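From just these sequences and the hints, can you work out the full model?
Residue numbers (my numbering), protein chains in the order written: chain A, 1 to 166; chain B, 1 to 257.
Source of the hints: derived by calculation from the structure; they are not laboratory data. Be a bit skeptical, because a hint or two may be false.
Stated by the list, open to error - Derived, one-sided and incomplete: chain A residues facing chain B with beta-carbon distance under 8 Å:
1) Val13
2) Ala14
3) Phe18
4) Leu62
5) Lys66
6) Val67
7) Met69
Predicted, not measured: the structure shown is a model, and the values here were computed from it. All C-beta atoms in this analysis are idealised placements derived from N, C-alpha and C, irrespective of residue type, glycine included.
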Amino acid sequence: MDALIPKMPEILVALTSFLVLFVILGKFAFPPVTKMLDERAEKIRESLEKAEETRVEAERLLEEYKVQMAEARAEAGKVIEQGRTVAENMKNEIIAKAREEAESERTKAIESIRAEKLAAMAELQASVADLSVAVAGKIIGQQLSAADHAALIERSIAEVGSLHEN
Amino acid sequence: MEMIGEGVKELLHELSVLTVAGHKVEAGQFVLTNYAFFLLIAFVVTVLFFMIGVRKVSLVPNSRLGSMIEMGVEFVRDSLCIESMGPEGKKYVPFIGTIFFYVLFNNLIGLIPGFKPGTGSMGTTVTWAVLIFIVYNAIGIKKHGLWGYLKSFWPKGVAAPIAAFVALLEIVSQMVRPLTLSVRLYANMYAGHVVLGIFSIFTVMLIEASGVMKIMAVLPIALQVVLYALELFVAVIQAYIFAVLTSVYIGGALNTH
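Put into structure tokens, the structure is as follows:
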């Protein structure tokens, strides 16, 4: 029972030591630790906020790059399409020109051939007339009189002359 | 059997409040008692622990001692103060922290063989419990005014006779708080040491016995290891209970309804 009765020296030591400890810890121990804990919490909160901001910014940039990339692709496609159209037009022009030139060459060649043909025909006709006159003279010369002969020559000359005129 | 009786008697004498020289404390005598001596040792250990540890506390943890202090203070702030008192509780971290760590170091130091817990005497626990009683009532009066604080004991919306009865019960329970708070801590610490002491006596008795009984000493030794672990747990849990009840009392005084 004696143990349950508080002893004055113990009361004094317990009270004094507690109050001194409260002052020491309250001044030098707890405030710096709680301050540091608050600073750390603030730092972590700031870091998380910053990380979130960075993430949002990164996403925004990615989105922007995606849009730019799509625009660039569209632009490149347009350029390619334009190039293709220009090339196609040039091709068609070249082909048309070539065709035209070929056509012109062909026409010229036909013209030339026709002229050559006509000249040859004329020459051939002249030669045939001469030869015919000669052959006819030889055949007929022996039986025709001198007057017939002369008339025939005259007519042949006239015929040849009209032939030449043609 | 007589040997056990003698041993227990000696143990109880050893665990009673004596002067550091081992004599009985006479009434009105101002002398350093055995428990007060260990209380002062715990005081020095607590101060050293914090003074060395706080220097190692940094924004980026780099020391175990610093981390231990951080964890301890964070526990006191969040789990004891804010949990019981709300955001206002931050203000009371030094008070609750001093109670928690001082009680804890006293309890733990008492577990070192040959040492006693400063909290193992009624003188210490009653002093602190009365101090806590004064502090939390003062906090309540400061916040609500004397009349406002006293009114909080009177329940609202209840018939007057019942309200008076409840108020009486509330006042009695308030008055009993210092006693329950002090006896709980003292009894746990004291009883734990009595149990450990009795098992030690039992072990010594068996070792000194002859024949098969000598071997039987293994049993109380094994039990004593288990009891030591239990006492370690009790030391921590009692410090927690003492501090958490103080927080709850302050919280109750702050947030009366």
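- Task: List, from low to high, the hint numbers that the structure doesn't satisfy.
- Result: 4, 5, 6, 7
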